[in-house]
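Number of protein chains: 2
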Amino acid sequence: MTALNATSPETLAQLLPSLHERFERFQQAGLNLDLTRGKPCPAQLDLSSPMLTLVAENDYRAADGTDCRNYGGLDGLPEAKALFADYMGVERDEVIIGGNASLTVMYDTFMRAMLMGVGTGEPPWSQLPRVRFLCPSPGYDRHFAICANLGIEMLPVDMTSEGPDMDTVERLVAEDEAIKGIWCVPIFSNPTGDVYSDETVERLAQMPTRAADFRIFWDNAYAVHHFAGDPPTQAHILTACKAAGVPERPLLFGSTSKIAFPGGGLALMAGSARNMDWVRGQLFFQTIGPDKLNQLRHVRFFRDLDGIRQHMQKHAAIVRPRFEAVETILRRELAGKGIADWTRPRGGYFVSFNTQDGCAQAVVAMAREAGVKLTPAGATYPLGKDPRDRNIRIAPTFASLEDVEAAVEVLAVCTQIVTIEKQPTT
Amino acid sequence: MTALNATSPETLAQLLPSLHERFERFQQAGLNLDLTRGKPCPAQLDLSSPMLTLVAENDYRAADGTDCRNYGGLDGLPEAKALFADYMGVERDEVIIGGNASLTVMYDTFMRAMLMGVGTGEPPWSQLPRVRFLCPSPGYDRHFAICANLGIEMLPVDMTSEGPDMDTVERLVAEDEAIKGIWCVPIFSNPTGDVYSDETVERLAQMPTRAADFRIFWDNAYAVHHFAGDPPTQAHILTACKAAGVPERPLLFGSTSKIAFPGGGLALMAGSARNMDWVRGQLFFQTIGPDKLNQLRHVRFFRDLDGIRQHMQKHAAIVRPRFEAVETILRRELAGKGIADWTRPRGGYFVSFNTQDGCAQAVVAMAREAGVKLTPAGATYPLGKDPRDRNIRIAPTFASLEDVEAAVEVLAVCTQIVTIEKQPTT
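If you read the protein sequences in the order shown, they are chains A and B.
Going by this note's numbering, the first residue of the first sequence is number 1, and it counts up by one from there.
Going by this note's numbering, the first residue of the second sequence is number 427, and it counts up by one from there.
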């Protein structure tokens, strides 16, 4: 978070008339802006579009001669497994290529956990009196929605710039056998953009857990999605867990949704060979096999991990100015006023913006009156309830640069108005 | 089934030496033939291959302008829903376009039924002391595997040429509230090739069931897959169930796996708007949305239901000779001997072959010694156990015509040897 100096309430109050004037001008402008979802913009999609015709009428065979148009294979084409094992940093028998959405792979993992367990002999979670899950917050609403839908009790844990507050995590998992796992977005976390430190990774691997089948859901959605500075490095969770004697603890997820096409990409799952063997055994009941044609398109387009890295530099060049615009405008409007702070991520898809306590819902509602759609306040917390009502997720990738600038200006003006008007009049 | 006249045991026994000679020649020929799975042959796949490049670098928008490369939409592109609502014979709000495999959609429906129920207020099935399912047999092994994996008890019901034995079905569902559903492949049933009669459809719709949440899993996998004679007509199960006052009873499934590409096609689910609304509500937790690019490829290639029908005539021209070869050789080798009967389907992917009781496993094993792989005997029954050990599923589409002829000849010779040698010597 950016540290800001406070301005006196009296000084701020003097700003109100001009802020209201600006807000009225926004309303008159008839804006229709949307910063709600982490979607690539069309220019990003154009980067991958040559992929669409790389598999063609007379050109549909994998390297080993497999006709990718027909049935066959349960966990991925050999060359796709090779490429995405590299991507996930695991061995080839430790990765499974799934359908078009990692959310589906995570959801399916929960459904199996509820009905069949997680493959290491413990009872299915639906047979237990209760199941609880640690939810570093702010976090990803779709993660929390899976738990809510299954009646899994969510325990929020504060996010820090190094990952979840590990003192709290360690204490809770050591004492409560109902806690079966934790949601993690370890690199450019949704929405803070923070990168878990090596120490956090090691502590997650080494901490004693009361639940023998405790699982880390490691959603590495933004592993190669840096757009500023050097690419992040991070201790590997599977390596750390193997070293700690708990190789089955982490379940890794990834996707090419924000590398290639959202909804038209590949979902990835990785973990110990034992975990993956068990998942493969269960997948037999769910599918005849994946869409190999789309896997072949991906492999032909990216070739290898270097190909993915080079491709992501092109993404970075497109999204970086949008994030810079967010920072520039927030700083111009709010710096030094002590009424908000926000993150300055070096990758990922989001900026996490904090108002003063109790202001976020009002800010989002006011921005909407001026034609700017923001993710509902609270969405980044379990059950949509931000206990301090302060967090707003900003997703600047999809909108045009001009729209990002306009929308963030509206956000900043609304934040000031709401905050100042909430102050006790002295 | 083809009726055959019996030949006397003595006459059959005289055939043994020449049959053994032929079997030895098969062995010496080093055959390596496979009639195990219902896979289209490469020539069938070629029919759809122009589809592969119908969505391209600068041509990826749906009719309404939607950028199919990006997120958006939960249950299918509007034009895909229009086409496949026609295909399924339902309204547009009664169809959902899923991923690449209808097996997945069926499996997911079971997983939800176990954990959340089927959307009409009854308890989740996993909370009941037991769940039973009617399994018309012989049937599809992957259907039965889903039940087995979930601990659902399977009750085999005899298949007739008009569908499941409805007297038995009606009696069982009227008395046992644990029976939550029935598996049906209503057109060109797997493996018999039989088409359910209108009377069967009506009785399934009208029968009283003890379970309020009884569901018909209507896997219409071969709806347009006729290759001989006129296309079949059939009363519509959803229409019939609406008329009977149980609109939520049927859940319809389909796919383009054997229209376009197996594994690279589209999965379809259909049912009452109430059922589909509930599924859409649950899908929200499982996915951001389907692969719209592949939907767009399909719509552009087939255009409309007539386009699909014309396309299927081309499939028919390719598979018909293979089925004719099966019939010709079985008739030449076995007619009039009273030791086997088999179906003569007008569509679908299989021929169902019955030996005398207690012979099927031995026949499959013997054919394998001669280099012919057949689906394991029993696979067409729940838990892989054919109580009469007589049913063998023949899948003639993938192999070349010559290979089909050779493999069926081996099957016929092995059937004769096993049957004759099993006879009590008099």
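Treat the hints with care, since some could be wrong.
[Stated by the list, open to error] Which bits of chain B does chain A cover? Going by a derived footprint, with three or more residues having C-beta under 8 Å, they are:
hint : segment
1    : 522-536
2    : 668-678
3    : 724-735
4    : 762-774
[Unchecked claim] Just a sample of chain B residues kept apart from chain A, beta carbon distances all over 12 Å, derived:
hint : residue
5    : 444
6    : 465
7    : 475
8    : 577
9    : 623
10   : 656
11   : 750
The hints are simulated quantities; they were obtained by calculation from the structure and are not laboratory data.
Ideal placement from N, C-alpha and C gives every residue a C-beta, glycine not left out.
(message) If you test the structure against every hint from before, which numbers come out violated?
(response) Of the numbered hints given earlier, those the structure breaks are 2, 3, 4, 6, 7, 8, listed in rising order.
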